[in-house]
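Residue strings, one per chain:
2 protein chains.
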Amino acid sequence: MFRFEVEYQSKKFPARTGKIITHRGIIETPHFMPVATQATIKALSPEIVQSLGYQALLCNTYHLYLRPGIEVIEKLGGIHKFMSWKRHIVTDSGGFQVYSLSQFRQIKEEGLLFKSHLDGSEHFLTPLKVLKIQKKLGSDLLMVLDTCIPYPCSYEESKALTELTHLWAKKSWEYWEKNRNPKQALFGIIQGGMYKDLRKKSSKFIASFEWDGIAIGGLSVGEPPELRNIMLDVSVEELPPHKPRYLMGVGTPLDLIEAVLRGIDMFDCVLPTRNARRGSLFTSQGLISIKNATFKDSSEPLDPECECYVCQNYSKAYLRHLFQAKELLIYFLLTLHNLFYYAKLIKKLKEAILKENLDSLREEIKELYKKDNSEN
Amino acid sequence: MFRFEVEYQSKKFPARTGKIITHRGIIETPHFMPVATQATIKALSPEIVQSLGYQALLCNTYHLYLRPGIEVIEKLGGIHKFMSWKRHIVTDSGGFQVYSLSQFRQIKEEGLLFKSHLDGSEHFLTPLKVLKIQKKLGSDLLMVLDTCIPYPCSYEESKALTELTHLWAKKSWEYWEKNRNPKQALFGIIQGGMYKDLRKKSSKFIASFEWDGIAIGGLSVGEPPELRNIMLDVSVEELPPHKPRYLMGVGTPLDLIEAVLRGIDMFDCVLPTRNARRGSLFTSQGLISIKNATFKDSSEPLDPECECYVCQNYSKAYLRHLFQAKELLIYFLLTLHNLFYYAKLIKKLKEAILKENLDSLREEIKELYKKDNSEN
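Which chain is which? The protein sequence lines are A and B, in order. Following our numbering, the numbering of the first sequence begins with 121 at its first residue and continues without gaps. Following our numbering, the numbering of the second sequence begins with 121 at its first residue and continues without gaps.
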C-alpha cells in the first residue's frame, strides 16, 4: 500500500526526484508539507491549500491528543474526514511538542511524562501509545516517538538521549510488525544531536529496520546552518536510496535547497504560515514586511513576479491597511501568498534537480535571502 | 445612471420587490448588505461574498477616513479597486460612528467635532466634507451627514437634533445639485427620534428633495421592536413609492421581515458577521452557539437544512474544536455560513412578497427566534 520510487537521481548531488504512492494517491518528492497543527492550516480552507498543489500536510499529535481528544476524531471518522482534507496527512509523535510546549516534563525510560500546556493535566506518552493514537487518528504517515536533544547539549547527554530514541524505535517496530494497519506507513527517526559519530550511529541503527521511510529529527533546533548541513550529510550517507527521507521542521528557502541537494525528499515547517501571520512575505525580491511604511500608498502587488491570487488582486497599500487594522482577511491573504511561494519554490527545486543546476539555484537563493538569516 | 424600479407591489402590505439599476449593475431589492467596515468583510474574500449573491456592501466612511485615509484610497483608484470588490459599495456619512466610537465629540451647527478612537487626533466633519470624502472614495451610493439621536432622548433634544439633520440635508442637497458625480447616487436620511410627529415631519422634509433614495436612520439604537415598527410605519407613509428605501443598521431575521413588510428595500447590519465571530449561528432551528458542549463529538452539520459550503463539509465537532482552539479558519467558516443564511433569508422574503404570504413567514421566523430576542 506504500511505495517509494526514485524517478531521477542527480549525478552531481545526492538529490533526487521521486514519488510516494499510497492507497490515497501520490506525493511527488521533493515535497514540502504545510503544518496544520490543530487539524487546520491556519486561516486557509482545505480546498485552497489543495489548489496550491500540496499533497500532504503535517498535523501535530500532541495538540490533537489534548484537544479535541483522539476519541472525538476517531468517532468523527478519522483526521481526514474531521478536517475535510482529502490528500495525505502525516502526524508526528508528539515528542517535539512535549519538549517545546509543556511546562513540566520528565523523560523516563518508558516514555514522556508531561503536563498539558492547556490545563496542566498530567499525561504519559509511550512509544506504543503514540502509535496507537496515530492509528486512531487515521493519518497516512506515522512517526515513532523519539527524544528531543536540545542545542547545545553535551556529548554524554546526546548519547544517552539517542540511545533512548533507539530503544523506543525498537519497541515501536516490534509493536508495528504485529499491529500494523496496511493503510498506514511508519517512519523511524534518526537523532544523534550535533555529534558526527552519534548521528552516523543513529542513522545506521534506524536504517536497520524496515520502516516505510526515515525521518531526520533533532535539526533546526538553533544550531548554525553549517553544522546542520554536516549532520545532514552524515545522516543521509547511511540511508538506503529506496526509502523516502523526511527532514523534520525545516525550513527557510535556503534550508530547503541545502537539504534537497543532500538527498532529502520531504519537509515540514511552520515558517511560511507563521511568517505570513506576522506580516513577513517571501517574494522574488527576498523577504518583505507588509508593515513597511513605504507601502502606505503603493499600488504594486506584494511580488510583481508572483501569479498568486493575492498578487493578482491586491496592492501592498491594501494589504498593509488590513494588517494595520488587524483585519482577519489579512491572515488568509498572506498565508495564501507564502504557501503559493513555497509550492513554486518546490517546483523550481524539482526542475533544478532534473536540469542538474541545483548549485546555481542555491547561489540565487542564498543571494536573495542573505540579509534575512535572522528569519530562520 | 441611477434608477429604481418597483417590480411587484404587495396587495396586503407596503412590501415590494424591485431593482436598483446603476452604471455598475443591479441591486435586486429587498437587499441585505453585509458590512465591510474597514474595506473588508471580516474573514471573507470578496469572491466568496459575491458568490453568495450579495450585490452591495456597506463600508464605513469614519473608519476609512481615519485609516488608511481617503487620499490613499483615492490614489489607489477608489474603494472598489482598493478592496477588489466589483459590485456596489454604499458608504455611510460617518456620523453614526462618531456617535458610537469616538471618546470625545461635540455636535456643532456646522458639523461634528470628534477625536479619533485610534489615536485621539481631532477631526471635524461637515455635511459638505462627508460628501467630498465619499466622492473621493468612489462609492456608488452616498449618505448625507445626519445627527444621531440616542435612545431614550427627550422630545426637545430629539427635535433639535432632527432640525439639525434637516439643516445639514439642505446644505448637502445644495452642494450635490452643483457638484454631483453622475456615477454616484445620494441618499437623504430621516431622523425624528422615537416621536411620531417628529418622524412624520422628518420624513416629509427629507422626501421633499430629489435624492436618489431615502434612508431611515436612528432606529435599532436600543428601542423595543414594537416602537421601531411604529416609527417605521410613520416614516414610510410619507415616502414616494418610486424611490428605494434603506433602513440603516438593521437587523435580525425578524427585524428584516418586519421592515420588508413595511416597505423597506435595503438594509445593512453587522449582525450576521459579528455573531459568526462570536460563535452564534443562524440556522433553520434558530440561533445555535458553536460553544455548546453537546457538540463536542457531533458529526452533524451546523444546520441539516443548509446547503452552504460549511454545512456540506464540516461537523459541529470540528467547528467547535476550531472555535475552542481560536483557530483563524473558524471566522471564515462561520461568517460564510451566516452570510449564506442571510442571503437565503432575503430570497425567502422576496418569494413571500410575490406569493403574498409575508405574514405566515413572519410567524414562522418569530417562532424560530422567540427565545433569542436578547441577541438583537
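Hints are computed from structural coordinates only; laboratory data are not their basis. Here the structure is a predicted model, which means the values were calculated and not measured. Watch out, some of these pointers could steer you wrong.
Because identical chains share one entry, a pair is satisfied inside a single copy or across any pair of copies.
[Said to hold, decoys possible] Simulated crosslink set (EDC-like; lysine to aspartate or glutamate; CA at most 16 Å straight-line):
#1 K321 x E425
#2 K201 x E484
#3 K201 x D417
#4 K228 x E476
#5 K162 x D317
#6 K249 x E276
#7 K201 x E420
#8 K291 x E125
So, going through the hints one by one against the coordinates:
For the identical chains of this complex, K321 and E425 are neighbours neither inside a copy (45 Å) nor across copies (60 Å), given an alpha-carbon limit of 16 Å. For the homomeric pair K201 and E484, neither the shortest alpha-carbon distance inside one copy (41 Å) nor that between copies (35 Å) is at most 16 Å. For a Cα distance limit of 16 Å, the shortest separation of K201 from D417 across copies, 13 Å, qualifies, whereas the shortest one inside one copy, 43 Å, does not. Taking identical chains as interchangeable, the C-alpha atoms of K228 and E476 are never at most 16 Å apart, the minima being 47 Å within one chain and 74 Å between chains.
Taking CA atoms no more than 16 Å apart as the test, K162 paired with D317 passes in neither setting, with 39 Å inside one copy and 54 Å between copies. In this assembly of identical chains, K249 and E276 lie within 16 Å of each other by CA distance neither inside one copy nor across copies; the values are 28 Å within and 74 Å between. In this homomeric assembly, K201 and E420 come within 16 Å of each other (Cα to Cα) only across copies, at 12 Å, whereas the closest approach inside a single copy is 40 Å. When the C-alpha separation of K291 and E125 is checked against a cutoff of 16 Å, the pair qualifies neither within a copy, at 28 Å, nor between copies, at 77 Å.
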